[in-house]
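Using the sequences provided together with the hints, build the complete structure.
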Amino acid sequence: MRPRDYGLRLRHRFSRRAVLIGAAQTGLFGLLLWRLRRLQIVDSSEYQLLSDDNRITAHLVAPARGSIYDRLGRIVAEDRENFRVIVVPAYCDDLAATLDAISEIVPVAASDKDRVMRAARRQSGYFPVLVTEGLTWRQFTLLSVLAPELKGVSTDRATHRRYSRARSMAHVVGYVGMAAKAEIDEHPLMRVPGFRTGKAGIEKGLDPELRGQPGSISYEVDAHGRVVRQLGATSSVRGKDLVLTIDQELQEIAHKRIEGLRVASIVVLDAVTGAILVMASFPSFDPNEVSFKVDLERWKQVARGEDYPLENRALRGLYPPGSTFKVVTALAGLETGVINPQERMNCPGGYPFGGHYFRCWKRHGSVYLHEAIKQSCDVYFYETVKRVGIDRLAAVSRKLGLGQVHDIGLAGQKQGIIPDTVWKRRRFGHPWYPGETISCGIGQGYVSTTPLQLAVATARIATGRAVRPRLIATPEAGPEAALLDFDPLHLELVRAGMVGVVNEKGGTAVRSALTIPDVQMAGKTGTSQVISAKNRGFLKGWYGETHALFIAYAPVGAPRYAAACVVEHGGGGSRAAAPVVRDVMTEILLRDPAARPAFIASNQGAPADR
Amino acid sequence: MKALFAEGLERPQVKLKQKLLSLNWPFLLLITAITLIGVAALYSVAGGSLEPWASRHVVRYCLGLALLFIVALSDIRWWLRAAYPLYIIVLLMLAAVLLFGVESGGAKRWLGYGEFSFQPSEMMKIALVLAVARYYQWLPPSQVSWPYAVFPPLLMIGLPILLALDQPDLGTAALFGIVGGGLLFLAGVSWIYFIAAFVGVIVVLPHVWARLHDYQQERILTFIDPERDPTGSGYHILQSKIAIGSGGFAGKGFMQGTQAQLNFLPEKHTDFIFTVFSEETGFIGAAVLLVLYLLVLLFITYMALRCRSTFPRLVAAGMGLCLFAYVFINVAMVTGLMPVVGLPLPLVSYGGTSMLTMMVGLGFVLNAHVNRESRIRREEFGPFW
Chain C
1 MRPRDYGLRL RHRFSRRAVL IGAAQTGLFG LLLWRLRRLQ IVDSSEYQLL
51 SDDNRITAHL VAPARGSIYD RLGRIVAEDR ENFRVIVVPA YCDDLAATLD
101 AISEIVPVAA SDKDRVMRAA RRQSGYFPVL VTEGLTWRQF TLLSVLAPEL
151 KGVSTDRATH RRYSRARSMA HVVGYVGMAA KAEIDEHPLM RVPGFRTGKA
201 GIEKGLDPEL RGQPGSISYE VDAHGRVVRQ LGATSSVRGK DLVLTIDQEL
251 QEIAHKRIEG LRVASIVVLD AVTGAILVMA SFPSFDPNEV SFKVDLERWK
301 QVARGEDYPL ENRALRGLYP PGSTFKVVTA LAGLETGVIN PQERMNCPGG
351 YPFGGHYFRC WKRHGSVYLH EAIKQSCDVY FYETVKRVGI DRLAAVSRKL
401 GLGQVHDIGL AGQKQGIIPD TVWKRRRFGH PWYPGETISC GIGQGYVSTT
451 PLQLAVATAR IATGRAVRPR LIATPEAGPE AALLDFDPLH LELVRAGMVG
501 VVNEKGGTAV RSALTIPDVQ MAGKTGTSQV ISAKNRGFLK GWYGETHALF
551 IAYAPVGAPR YAAACVVEHG GGGSRAAAPV VRDVMTEILL RDPAARPAFI
601 ASNQGAPADR
Chain H
1 MKALFAEGLE RPQVKLKQKL LSLNWPFLLL ITAITLIGVA ALYSVAGGSL
51 EPWASRHVVR YCLGLALLFI VALSDIRWWL RAAYPLYIIV LLMLAAVLLF
101 GVESGGAKRW LGYGEFSFQP SEMMKIALVL AVARYYQWLP PSQVSWPYAV
151 FPPLLMIGLP ILLALDQPDL GTAALFGIVG GGLLFLAGVS WIYFIAAFVG
201 VIVVLPHVWA RLHDYQQERI LTFIDPERDP TGSGYHILQS KIAIGSGGFA
251 GKGFMQGTQA QLNFLPEKHT DFIFTVFSEE TGFIGAAVLL VLYLLVLLFI
301 TYMALRCRST FPRLVAAGMG LCLFAYVFIN VAMVTGLMPV VGLPLPLVSY
351 GGTSMLTMMV GLGFVLNAHV NRESRIRREE FGPFW
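Going line by line, the protein sequences match chains C and H.
So that you can map any letter, position 447 of the first sequence is 447 in my numbering, and since no number is skipped, the others follow by simple counting.
So that you can map any letter, position 348 of the second sequence is 348 in my numbering, and since no number is skipped, the others follow by simple counting.
Just so you know, these hints were derived from the structure itself, not from any lab.
Don't be surprised by glycine CBs; every beta carbon is placed ideally from N, CA and C.
Hints are not guaranteed to be accurate.
Pulled a few chain C residues facing chain H out of the computed Cβ check, cut under 8 Å [said to hold, decoys possible]: (1) R17; (2) Q25; (3) F29; (4) S44; (5) S51.
Cβ-Cβ distance ranges computed for the label pairs, FRET-style [claimed, not checked]: (6) C/V42 to H/L63: 40 to 46 Å; (7) C/S216 to H/L30: 39 to 45 Å; (8) C/R122 to H/W25: 55 to 61 Å; (9) C/R122 to H/T32: 23 to 29 Å; (10) H/I70 to C/D114: 47 to 53 Å; (11) H/L63 to C/L72: 23 to 29 Å; (12) C/G30 to H/T32: 57 to 63 Å; (13) C/I41 to H/F151: 45 to 51 Å; (14) H/L63 to C/T141: 55 to 61 Å.
And the structure:
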């Protein structure tokens, strides 16, 4: 036979066998259909019974959120009992009618009804939806009695967040709210009714620690969603407690002190451990108002209110440090060896450079380093910074903790700007012009810092150690911060100047000296201009006023507390900011919180390296 | 001369257009319909949300569609040359899985790391079909049933089966067996061999049983009697049956499946997606889906029958066998007709590798269909290249 015939025979064989296989496939699919008919039609009622038996509903139980304490164990934020009404839309005959029935007992806002109806359409009907919360005991008991009559309705006791000394602590502790859409998608657990996540402050920054693990209760329910019996439960795990380094009482005092001002903030650190004792920012808000039973109108008022009360100025306010920065310039001058502490410079009231005349605020005459710091002579620092150069100034600034974000567990901190030639090229694509260096020497120009950074810099100058700020207290004290590689003699010279500012005749803040016997405070005033060549003429009234700044540490002999205060558009630093620091510092020294051991919570979270 | 040249220049363009016209568009419509059923089921499983599965399923389908077109419109002769090298590469990868693979759920199946991991066993299904078809394209028709000529394809099929059993992945091994055996049958190998193999299996089966892992033995035993361990391995199949059965004739309604929505089902977005779908749409929905699959299969058989040359004919039929094996094993598994072996439902289950391989496989079916009239002569290709 010829091969061609073989090919043809094979093709016919393929056709026969392909049809055979096709038939077999059809037959086997028939088998599947027969099987489905058996399950879904013949035995269906039996399986439906089994399925109804099966309606074990597993309710996720939101865990209690960890409490937040201040350094002495006073409650800052805790969970309180909260009575709620919940509905499972799938079990309701008529959801709208059910909601109307509920509102005869408990007032339910029209917007809440809309929200429930929307949720019922959008997600599976078996997810419970929160109707309203914060019921009184009377309402709660009444509804609990009636709930079996209303299909799909149930009541439960949950918790809500309560903040004490709310306004003064608002920016530090933050607040909680219902999980946003993005968070829900990321973690289905967030659909648990009433589950709240941190939205700002420590509540947000350390949310994973505070949150805890949800538990679940499985109920056997009948076809109408009524609980037949509870089958089993895994208990929720309470979130970790946190202890802040803040002293609530002092925080309240500081908040009261700056309340009269329009916009101000103050930070006080333990200069040895870096613990933040006070971090107050004004204007403030009440976190209780925005965490529980939030009124939308009220929320808008807070979020878009005048001067933005939600902003934490202590870490998000960026200000030119003004003359407070002179201590940095002085240290940079000494460290680089370009100035001699005994060297005298003449201040004729201004400083010509590159065709521009840089003014001093006063005609100081002949001054040396100590007098220059004490009297805040601009000309002395113009000359110093010209010799130091911008890059070396920036290096010293960064060692002191300026121009960087300090990880203390709060999100949204501003980094500020410590300019140098690299920064300028990257930011603007231009080289650095020597004329720009001059104003940087007195903390103007591109330089900008936050109050927290200024407080850290002050603490570092006061102790000579690389102090790291922290907001979370740990049970055991960390190792002492490493020494900064500055010459101790140079630091001592700068500190002597700061002591002079407050305590010697002719100092810019002598009027703010402490009145406690034998205890002295050292500091530096700053008055920074907000009007520049660019915005001249635009900023009117309050907005055109200078910022008032003051940095300080005390006691002089053994520095323990370092502070920085900024009063926005407050005028002169010696007049507006220094008295605030004096008053707060006095209260702190009288109480000496650093001498008392920090509170240890029973269920304390161990924040990693903070 | 000039006219010839011009013609030669224009040819590829005309060819592409012709190729596009000769694609089987109703077939593509069927595939899309099945995928859309998958999207709806995944949307429902996620509790009424496009995230995390449904939206990605669509994206993967679009990617797969692009691959399908590329494969369908590519030159069939190129694939004839690539068949053996491809098979060897995938075989090596399959072996590599045993050495360096990532373990997941008691079996080593994945190669690669994190986002970039994939299952070589999926690619093997395509490589195997191509290699066997390539072999019969070369083999003189008169020798098809000669003993020594049956040996090479048996080796091609046997090696991946052994590697899959070693992973251990019973479902994939069974799939290789069905696809390979079916191809030999379609290629024209004499009935005698199949009868012999059947007898052989019956003899060998007790020994294989002894070699199976405990969990596999357990699965088979609980399949025979699910009540054996209603909370353990029998639980899944029992819950799946309850879900399907309680769906009844018309189903519980979209997104209303209590079994699925209340988390009684395991892996409901992958292997048990059919359960979710038939609980919510009932016998009607399940039957519609099965009929859609059957239409696709019959289309494939029809396309294979129309091919003039051996290679495209066997490639199309082989891919059809593969699709059939997937659907049958998966549905038989979730309805309690077969032990749980862990195979996805093609185009409906969530899973990247399975979706992409299935689309490439269907691309080969269409490639065969496009080349149905072309005569590939036996002498064009050597034994290996």
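Against the structure, the hints come out as follows:
1. R17: holds (5 Å)
2. Q25: Status holds, d = 5 Å.
3. F29: holds (5 Å)
4. S44: holds (4 Å)
5. S51: holds (3 Å)
6. C/V42 to H/L63: 40 to 46 Å: Holds, since C/V42 and H/L63 (Cβ atoms, about 42 Å apart) stay within the stated range.
7. C/S216 to H/L30: 39 to 45 Å: Holds, since C/S216 and H/L30 (Cβ atoms, about 42 Å apart) stay within the stated range.
8. C/R122 to H/W25: 55 to 61 Å: At roughly 36 Å between Cβ atoms, H/W25 and C/R122 fall outside 55 to 61 Å, so the hint is violated.
9. C/R122 to H/T32: 23 to 29 Å: About 27 Å separates the Cβ atoms of C/R122 and H/T32, which means 23 to 29 Å holds.
10. H/I70 to C/D114: 47 to 53 Å: Check passed, 49 Å falls within 47 to 53 Å.
11. H/L63 to C/L72: 23 to 29 Å: violated (60 Å)
12. C/G30 to H/T32: 57 to 63 Å: Cβ of C/G30 to Cβ of H/T32: about 25 Å, so the range 57 to 63 Å is violated.
13. C/I41 to H/F151: 45 to 51 Å: holds (49 Å)
14. H/L63 to C/T141: 55 to 61 Å: holds (58 Å)
In terms of the numbered hints stated before, the structure departs from hints 8, 11 and 12, listed from lowest to highest.
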